[in-house]
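Enquirer: If you want the building blocks of each chain, they are given just below.
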Amino acid sequence: MLGWFRRKIDRLVIRDRSFKFLFDEDKSGEVVSLDCETTGFDPWVDDVISVAAIRIKGNRILTREAFRAVIRPEARMRVESMKVHRLLKSDVETGRSMEDVFPELLRFIGGRPILGYWIDFDMSMLDKYALQYLGIRLPNPRIEVSRLYYERKYTGAPQGTEIDLRFNAIRDDLKLPPINQHDAFEDALLAAEMYVILRDMKDRNIRIPRRRAAGAP
Amino acid sequence: MPNAFDARNPPFDRLDAEEIDRLRAELDIGYFAPEQVIVAADSPAAFFHVVIKGAVEERIGTSVESVLGPKECFDARALLHAKPGSSFIAAEETLCYLIPRDLVIDLAQSNPAFGAFFYSEISRKLDAMARTKDAQGVDSVLRSRIGDARLQPAVFIDGSASIKTAGHRMQDAGTNSLFVRDGERVGVITGMNLAKAVVLGGMPLDAPIRDVCSFDVVSAAKDDFIFDALIVMTRNNKRRLAVTDGGEYVGMLEDIGILGLFAGNSQLIPGRIDRARAIADLASAAADIQSQVDHLHRQDVKVDVIAEITSDLNRRLFTRLFSMIAPDSIRDKGCLIIMGSEGRGEQTVRTDQDNGLLLSGPVPEADLARFRADFTEALERFGFPPCPGNVMVRNPQWSQPIDDFIRQLKTWVISPDEDSPMNLGIFVDAVGIGLNQELLTRAKSALFETLRGESAYLSHFARAIDLFPGSGGMLNAIMATVGREESIDIKKAGVFPIVHGIRTLAIERGIVETPTTRRIEALATEGILSQNFARELAGALRFFMEMRLRSQLRASRLGTVEGESLVKPSDLTTLERDLLRDALRVVKEFREFVRGHFNLRMF
Chain A
1 MLGWFRRKID RLVIRDRSFK FLFDEDKSGE VVSLDCETTG FDPWVDDVIS VAAIRIKGNR
61 ILTREAFRAV IRPEARMRVE SMKVHRLLKS DVETGRSMED VFPELLRFIG GRPILGYWID
121 FDMSMLDKYA LQYLGIRLPN PRIEVSRLYY ERKYTGAPQG TEIDLRFNAI RDDLKLPPIN
181 QHDAFEDALL AAEMYVILRD MKDRNIRIPR RRAAGAP
Chain B
1 MPNAFDARNP PFDRLDAEEI DRLRAELDIG YFAPEQVIVA ADSPAAFFHV VIKGAVEERI
61 GTSVESVLGP KECFDARALL HAKPGSSFIA AEETLCYLIP RDLVIDLAQS NPAFGAFFYS
121 EISRKLDAMA RTKDAQGVDS VLRSRIGDAR LQPAVFIDGS ASIKTAGHRM QDAGTNSLFV
181 RDGERVGVIT GMNLAKAVVL GGMPLDAPIR DVCSFDVVSA AKDDFIFDAL IVMTRNNKRR
241 LAVTDGGEYV GMLEDIGILG LFAGNSQLIP GRIDRARAIA DLASAAADIQ SQVDHLHRQD
301 VKVDVIAEIT SDLNRRLFTR LFSMIAPDSI RDKGCLIIMG SEGRGEQTVR TDQDNGLLLS
361 GPVPEADLAR FRADFTEALE RFGFPPCPGN VMVRNPQWSQ PIDDFIRQLK TWVISPDEDS
421 PMNLGIFVDA VGIGLNQELL TRAKSALFET LRGESAYLSH FARAIDLFPG SGGMLNAIMA
481 TVGREESIDI KKAGVFPIVH GIRTLAIERG IVETPTTRRI EALATEGILS QNFARELAGA
541 LRFFMEMRLR SQLRASRLGT VEGESLVKPS DLTTLERDLL RDALRVVKEF REFVRGHFNL
601 RMF
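Note that the protein sequences, when read in sequence, are chains A and B.
Residues 1 to 217 (the numbering used here) make up the first sequence, in order.
Residues 1 to 603 (the numbering used here) make up the second sequence, in order.
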């Protein structure tokens with residue numbers, strides 16, 4: 001309810017009217033898988049250093065037309081995050097400014113639902129820029145891939161079931177090949193692959209078998 | 001542009017970096033739910049698919065032809081050629097890379113090595129595959145040890161011996177160089193040293209060799225690499241090196257010995273067979289023939305060439321053995337016949353022996369008995385396993401006068417028992433050794449004459465083509481295992497049906513050639529098989545022989561014959577699995593052809 005209300009308000013207060021399409025009902029039927037690599041885990045302090053978005057049309061993952069950008073961070077790049085993403089400071093410094101990239105990204109995404117693993121984090125990062133440039137939060141519906149997985153695997157599980165929702169655990173369970181992780185594009189692609197499989201399993205009402213705990217009958 | 005797309009996976013490993021980038025930029029990924037049709041039969045495919053996860057069944061009608069797993073591709077035929085007969089259907093939740101058809105066609109045209117993968121014919125694919133492997137041979141030779149090369153024996157002679165004595169010593173030992181012991185010193189003398197001393201130096205034949213030999217011995221250790229030896233030879237401008245092992249001279253390495261490592265030592269074996277004076281000498285040549293097979297295979301020599309070399313050497317061996325042990329009566333009247341795979345020239349690793357003896361007339365019973373015993377004993381010593389069906393000289397049925405043998409052949413045709421078709425099959429592949437080869441020609445003409453018009457018998461004979469997989473259903477089961485973790489018996493599923501079907505057709509047409517590939521050529525010339533199908537069959541057979549040889553060599557390294565013709569799909573590369581599918585498809589088509597040709601309606 002609160003979200004609906006805020007969307008109404010945001011639609012009215014948006015600074016740049018040319019982005020009003022964000023609030024249009026999406027008719028493409030597509031979904032966008034998105035992943036950001038950041039300098040750290042605090043949306044208010046840290047910056048996005050690379051972003052990738054891939055559209056999914058039906059059962060087709062449109063990697064050919066993917067959106068990818070490396071961004072010059074405003075906050076000072078942290079050593080730890082350089083280690084994680086293997087992006088060198090010089091790589092990032094050759095990147096474009098967020099001011100430049102953000103409108104392009106929004107036009108790519110449009111009003112489509114946004115999909116990802118721990119998508120709330122990515123969205124709060126993007127909301128920071130949306131507030132800064134447009135004075136709104138992004139209104140797109142969110143799809144959390146770990147939730148889809150949880151539904152297929154753990155709904156109705158007996159108490160005490162060990163729940164494992166790590167990205168790699170889901171990947172292994174769905175028998176997807178390992179990737180070069182902490183690369184925005186590869187992570188977004190992996191989430192997209194998980195999504196098409198899980199959505200189809202949901203449509204067919206198929207569950208993912210749980211391995212019985214040791215000692216269970 | 002997924003980086004996870006594995007460019008090392010054939011056939012993409014043939015693309016250069018720029019082409020890979022182009023490919024990656026054009027990839028989409030498709031998801032297919034179980035039972036969803038990915039490529040429908042008889043409709044052109046818009047994409048070339050590479051499985052990321054899941055499993056895809058290739059079906060013709062309702063029968064599953066094969067199952068494809070991660071990293072496997074489909075379908076080259078659907079993409080570049082007429083519409084596919086097969087459909088491709090997801091068996092599990094499946095993700096595939098989708099490579100646009102136009103891009104693949106483009107790359108196939110601009111990059112011939114990549115394009116080769118999309119050839120429709122297995123024989124052309126095999127050739128293209130062989131070409132890309134060429135470079136490995138040289139490298140593996142340079143990295144082998146000196147001890148792996150054929151060394152001349154270390155023969156010592158005293159420094160006081162005369163030039164004449166040294167010359168004879170070389171002749172007797174079959175070597176071209178001797179070690180010279182002169183007090184504390186050791187030197188080397190070669191045939192060329194002797195010749196020069198006499199011809200150019202004008203020295204008398206009784207001059208002591210210490211005056212002509214060199215005491216400046218260049219040596220290398222037995223465990224050194226061949227490339228070490230090459231360096232030492234080049235640096236010292238020598239064509240031979242003394243080889244040491246623990247400080248002792250153990251032999252002499254000549255440049256021709258290194259050459260032998262490249263091509264195998266096959267060129268040296270005929271000489272050793274001809275020079276053999278006793279069975280023991282032949283036994284060591286026989287062992288060499290066998291070790292050649294592994295050696296040639298490691299040098300990536302094609303399997304049909306290996307089989308040809310091996311057969312040629314084995315025949316020389318048999319010829320020499322025959323002349324060595326056959327009593328005069330048998331040599332004058334007998335024709336040794338070599339049959340089965342050996343007769344077709346398709347045996348590489350020895351699996352069994354099929355041999356017999358035709359005689360132009362009666363010979364003394366004692367001579368025959370002695371020959372039967374000696375011959376069998378010698379072959380056992382050479383490492384030929386006995387024939388399980390007892391098709392051997394020692395079996396009187398297979399060593400008798402020609403008239404009796406022809407009667408025997410007719411009996412097999414007219415009132416066949418259980419073993420008759422097998423016996424005839426083995427005999428049809430016979431080649432003759434010795435003076436009286438016209439005996440074999442007579443026997444074969446008699447057989448062909450007897451079979452002419454016996455279409456019922458030939459149908460019965462052809463029926464064996466379905467011997468192993470039993471029925472169409474079983475065949476499908478075998479094909480469905482491609483891509484799954486189950487072994488395939490290459491001999492039963494691949495080699496036998498082709499060899500036997502072709503043999504039957506050859507008998508029908510009275511074709512006297514024995515090698516299967518020659519029979520295929522002859523059948524194509526006569527218009528029985530289309531040129532195209534003939535090439536496919538020859539290619540499929542070559543592929544099966546290659547697979548079989550590989551598993552045989554592995555089995556023999558493990559010292560077992562268990563599973564010598566079993567191939568596990570998981571041990572194969574993607575490309576090889578693709579070829580295996582193609583080859584099995586050719587077999588299936590051929591079985592249908594044979595059934596139709598001989599009117600076999602058994603299902």
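The hints are simulated quantities; they were obtained by calculation from the structure and are not laboratory data.
From the three backbone atoms N, C-alpha and C, an ideal C-beta is built for every residue, glycine too.
Do not rely on the hints blindly, as some may be mistaken.
Covered stretches of chain A, as calculated for chain B (at least 3 residues, CB under 8 Å) [unchecked claim]:
| id | segment |
| --- | --- |
| 1 | 51–62 |
| 2 | 141–149 |
So the derived list for chain A, only partly shown, Cβ under 10 Å to chain B, looks like this [unchecked claim]:
| id | residue |
| --- | --- |
| 3 | Glu65 |
| 4 | Ala69 |
| 5 | Glu99 |
| 6 | Lys175 |
| 7 | Leu189 |
| 8 | Arg204 |
| 9 | Ile206 |
No more than 20 Å apart at the CA atoms, straight line, and that leaves these computed lysine to any residue pairs for SDA-like [said to hold, decoys possible]:
| id | chain 1 | residue 1 | chain 2 | residue 2 |
| --- | --- | --- | --- | --- |
| 10 | A | Lys153 | A | Asn180 |
| 11 | A | Lys175 | B | Glu26 |
| 12 | B | Lys53 | A | Tyr129 |
| 13 | B | Lys53 | A | Pro178 |
| 14 | B | Lys53 | A | Lys20 |
| 15 | A | Lys20 | A | Phe167 |
| 16 | A | Lys57 | A | Val70 |
| 17 | A | Lys57 | B | Ala25 |
| 18 | B | Lys492 | B | Asp419 |
| 19 | A | Lys202 | B | Gln36 |
| 20 | B | Lys53 | A | Ala169 |
| 21 | A | Lys202 | B | Lys164 |
| 22 | B | Lys53 | A | Arg171 |
| 23 | B | Lys53 | A | Glu186 |
| 24 | B | Lys71 | B | Ala33 |
| 25 | A | Lys153 | B | His460 |
| 26 | A | Lys175 | B | Val198 |
| 27 | A | Lys57 | B | Val37 |
| 28 | A | Lys202 | B | Lys53 |
| 29 | B | Lys53 | A | Ile206 |
| 30 | B | Lys164 | B | Ala220 |
| 31 | A | Lys57 | B | Gln36 |
| 32 | B | Lys53 | A | Phe67 |
| 33 | A | Lys175 | B | Gly69 |
| 34 | B | Lys53 | A | Arg60 |
| 35 | B | Lys71 | A | Ile208 |
| 36 | B | Lys492 | B | His460 |
| 37 | A | Lys175 | B | Ala55 |
| 38 | B | Lys53 | B | Ala33 |
| 39 | A | Lys202 | B | Gly30 |
| 40 | A | Lys175 | B | Pro70 |
Enquirer: Are the hints correct? Go through all of them and say.
Expert: To see whether the hints hold, each was checked on the structure:
Taking a C-beta to C-beta cut-off of 8 Å, the segment 51–62 of chain A contributes 4 residues in contact with chain B, enough for the three needed, and the coverage statement holds. Judged by the Cβ-Cβ criterion of 8 Å, the segment 141–149 of chain A is not covered by chain B as claimed, because only 0 of its residues qualify and three are needed. Here the hint on Glu65 (chain A) is kept, as its CB sits about 9 Å from the closest CB of chain B, short of 10 Å. A least Cβ separation of about 13 Å between Ala69 (chain A) and chain B goes past the 10 Å threshold, and the interface hint is therefore violated.
A hinted interface residue such as Glu99 (chain A) counts as satisfied when its beta carbon comes closer than 10 Å to some beta carbon of chain B; here the least separation is about 25 Å, so the hint is violated. The restraint placing Lys175 (chain A) at the interface with chain B holds, with a minimum CB-CB distance near 5 Å, inside the 10 Å limit. With a least beta-carbon distance of about 6 Å to chain B, the hint placing Leu189 (chain A) at the interface is held under the 10 Å criterion. Hint status for Arg204 (chain A) relative to chain B: holds, with the closest Cβ pair at about 7 Å, below 10 Å.
Hint status for Ile206 (chain A): holds, given a least beta-carbon distance of 9 Å to chain B, under 10 Å. With a C-alpha separation of about 26 Å, the suggested pair Lys153 (chain A) and Asn180 (chain A) falls outside the 20 Å cut-off, and the hint is violated. Of the pairs offered as hints, the one joining Lys175 (chain A) and Glu26 (chain B) is violated, with about 24 Å between alpha carbons and a cut-off of 20 Å exceeded. As the CA atoms of Lys53 (chain B) and Tyr129 (chain A) are separated by approximately 37 Å, the hinted pair breaks the 20 Å bound.
Restraint check: the Cα-Cα separation between Lys53 (chain B) and Pro178 (chain A) comes to about 11 Å, which is no more than 20 Å; the hinted pair holds. Distance check on the hinted pair: Lys53 (chain B) and Lys20 (chain A) sit about 40 Å apart at the alpha-carbon level, beyond 20 Å; violated. Our distance criterion of 20 Å between C-alpha atoms is broken by Lys20 (chain A) and Phe167 (chain A), whose separation comes to about 34 Å. For the given pair, Lys57 (chain A) sits about 25 Å from Val70 (chain A) by alpha-carbon distance, which is inconsistent with the 20 Å threshold.
Note on Lys57 (chain A) and Ala25 (chain B): the hinted pairing holds, with a Cα-Cα distance of about 18 Å set against a maximum of 20 Å. At roughly 18 Å between alpha-carbon atoms, Lys492 (chain B) and Asp419 (chain B) fall within 20 Å of each other, so this suggested pair holds. Pair hint Lys202 (chain A) plus Gln36 (chain B) holds up; C-alpha atoms about 16 Å apart against a cutoff of 20 Å. A distance of roughly 16 Å separates the Cα atoms of Lys53 (chain B) and Ala169 (chain A); the hinted pair therefore holds under the 20 Å criterion.
Taken as a hint, the Lys202 (chain A) and Lys164 (chain B) pair is broken in the structure, with Cα atoms around 95 Å apart against an allowance of 20 Å. Restraint check for Lys53 (chain B) and Arg171 (chain A): satisfied, since their Cα atoms lie roughly 11 Å apart, inside the 20 Å limit. About 16 Å separates the Cα atoms of Lys53 (chain B) and Glu186 (chain A), which keeps this hinted pair within 20 Å; it holds. A distance of roughly 18 Å separates the Cα atoms of Lys71 (chain B) and Ala33 (chain B); the hinted pair therefore holds under the 20 Å criterion.
A C-alpha spacing of about 58 Å is found between Lys153 (chain A) and His460 (chain B), which places the hinted pair above 20 Å, so the restraint is violated. Using a Cα cut-off of 20 Å, the hinted pair Lys175 (chain A) and Val198 (chain B) is violated, with the two alpha carbons roughly 80 Å apart. A hinted pair counts as satisfied when its Cα atoms are at most 20 Å apart, and Lys57 (chain A) with Val37 (chain B) qualifies at roughly 18 Å. Note on Lys202 (chain A) and Lys53 (chain B): the hinted pairing holds, with a Cα-Cα distance of about 19 Å set against a maximum of 20 Å.
At most 20 Å may separate the alpha-carbon atoms for a hinted pair to count; Lys53 (chain B) and Ile206 (chain A) meet this at roughly 18 Å. Restraint check for Lys164 (chain B) and Ala220 (chain B): not satisfied, since their Cα atoms lie roughly 29 Å apart, outside the 20 Å limit. For the given pair, Lys57 (chain A) sits about 17 Å from Gln36 (chain B) by alpha-carbon distance, which is consistent with the 20 Å threshold. As the CA atoms of Lys53 (chain B) and Phe67 (chain A) are separated by approximately 24 Å, the hinted pair breaks the 20 Å bound.
With a C-alpha separation of about 12 Å, the suggested pair Lys175 (chain A) and Gly69 (chain B) falls inside the 20 Å cut-off, and the hint holds. Of the pairs offered as hints, the one joining Lys53 (chain B) and Arg60 (chain A) holds, with about 15 Å between alpha carbons and a cut-off of 20 Å not exceeded. Between the alpha carbons of Lys71 (chain B) and Ile208 (chain A) the distance comes to roughly 24 Å, so the proposed pair goes past 20 Å and is violated. At most 20 Å may separate the alpha-carbon atoms for a hinted pair to count; Lys492 (chain B) and His460 (chain B) meet this at roughly 19 Å.
Using a Cα cut-off of 20 Å, the hinted pair Lys175 (chain A) and Ala55 (chain B) holds, with the two alpha carbons roughly 11 Å apart. For the hint pairing Lys53 (chain B) with Ala33 (chain B), the CA-to-CA distance comes to about 12 Å; that is within 20 Å, so the pair holds. Restraint check for Lys202 (chain A) and Gly30 (chain B): the C-alpha separation of about 18 Å stays at or below 20 Å, so the hint holds. Simply put, Lys175 (chain A) and Pro70 (chain B) have alpha-carbon atoms about 10 Å apart, close enough for the 20 Å limit, and the pair holds.
Hint violations for this structure: numbers 2, 4, 5, 10, 11, 12, 14, 15, 16, 21, 25, 26, 30, 32, 35, all remaining hints satisfied.
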